[in-house]
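Colleague: In full-length UniProt numbering, the protein residues as written are 1 to 152.
Simulated from the structure, these hints should not be mistaken for lab results. For every residue, glycine included, the Cβ atom is placed at its ideal position computed from N, Cα and C. A hint or two may mislead.
Straight line, CA to CA, 30 Å or less: simulated BS3-like cross-link-like pairs of lysine-lysine [what the hints assert, rightly or not]: (1) 151 / 80; (2) 58 / 88; (3) 88 / 59; (4) 58 / 38; (5) 38 / 94; (6) 80 / 123; (7) 94 / 80; (8) 123 / 88; (9) 123 / 137; (10) 80 / 53; (11) 88 / 54; (12) 53 / 38; (13) 137 / 151; (14) 49 / 94; (15) 80 / 58.
Computed Cβ-Cβ distance ranges for the label pairs, DEER-style [unchecked claim]: (16) 25 / 98: 29 to 37 Å; (17) 89 / 45: 37 to 45 Å; (18) 103 / 139: 26 to 34 Å; (19) 48 / 124: 18 to 26 Å.
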Amino acid sequence: MSGKDKQQEQTITKDLVVLQSLVEASSSGVSALSLCEKDDAMIMEEIGKIFKKKIEMKKGIAFPTSISVNNCVCHFSPLKSNQDYILKEGDLVKLDLGVHVDGFIANVAHRTQVTGRKADVIKAIHFCDEAVLCLVKPGNQNTQSRRQLEKK
C-alpha cells in the first residue's frame with residue numbers, strides 16, 4: 001500500500017468526525033434546521049477530502065441529516081419552509097446521517113443521553129419487550145405475551 005493510500009485509509013477509519021460534531025452541537029436552544037444544514041455542509045467538506053484519484057467517483061450525501069425529537073421516530077429533516085424546532089432541555093434527540101462513495105452507503109445514528117423519569121420509562125419498556133420476546137415461540141399464543149405485558 002502506498003503512502004497516499006495508507007493516509008486515505010486512516011482518514012476513512014478515524015473517528016466519526018461529522019457525527020461527533022453533530023452530537024456536540026445538539027444542545028438546548030439550538031435549531032434543528034441549522035444543525036441539519038451545518039452537518040450536511042460538513043459531510044460534503046469531509047467527503048471531498050477522500051478518493052481524489054484520476055478516476056471520477058461519485059460521492060456525497062446518501063441520506064440528509066435528520067434530527068428526530070421525542071415522539072418523532074426517525075428521518076425528520078426540516079425544510080426551510082417548515083416551522084423549525086428548537087431543542088429543549090430533556091428532549092430525546094435521535095441523530096441520523098448517511099454518506100455514499102461510488103454508490104456504497106454508510107449510515108450512522110446516535111441518540112442523546114436521556115436522564116431522569118424519561119430514562120426510567122424507556123428502560124421499563126425495554127424490559128417488557130425482552131419478556132415478551134422470550135414468549136414468542138412456535139406453539140405459544142399471543143394471549144401469553146399480552147398477559148406478560150399486563151403484569152406489574
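Colleague: Does each hint hold? Answer for all of them.
Modeller: So, going through the hints one by one against the coordinates:
1. 151 / 80: violated (46 Å)
2. 58 / 88: violated (38 Å)
3. 88 / 59: violated (34 Å)
4. 58 / 38: holds (21 Å)
5. 38 / 94: holds (16 Å)
6. 80 / 123: violated (35 Å)
7. 94 / 80: Distance ~20 Å between residue 94 and residue 80 Cα, so the pair holds.
8. 123 / 88: This hinted pair holds, its Cα atoms lying about 22 Å apart.
9. 123 / 137: Holds, at about 24 Å.
10. 80 / 53: violated (36 Å)
11. 88 / 54: violated (47 Å)
12. 53 / 38: Holds, because 27 Å separates the two Cα atoms, which is no more than 30 Å.
13. 137 / 151: Roughly 20 Å separates the two Cα atoms, so the pair holds.
14. 49 / 94: It holds: about 27 Å lies between the C-alpha atoms, which stays within 30 Å.
15. 80 / 58: holds (27 Å)
16. 25 / 98: 29 to 37 Å: violated (18 Å)
17. 89 / 45: 37 to 45 Å: Once the Cβ atoms are compared, 30 Å apart, the range 37 to 45 Å for residue 45 and residue 89 is violated.
18. 103 / 139: 26 to 34 Å: violated (44 Å)
19. 48 / 124: 18 to 26 Å: The hint (18 to 26 Å, Cβ to Cβ) is violated, given that residue 48 and residue 124 are roughly 45 Å apart.
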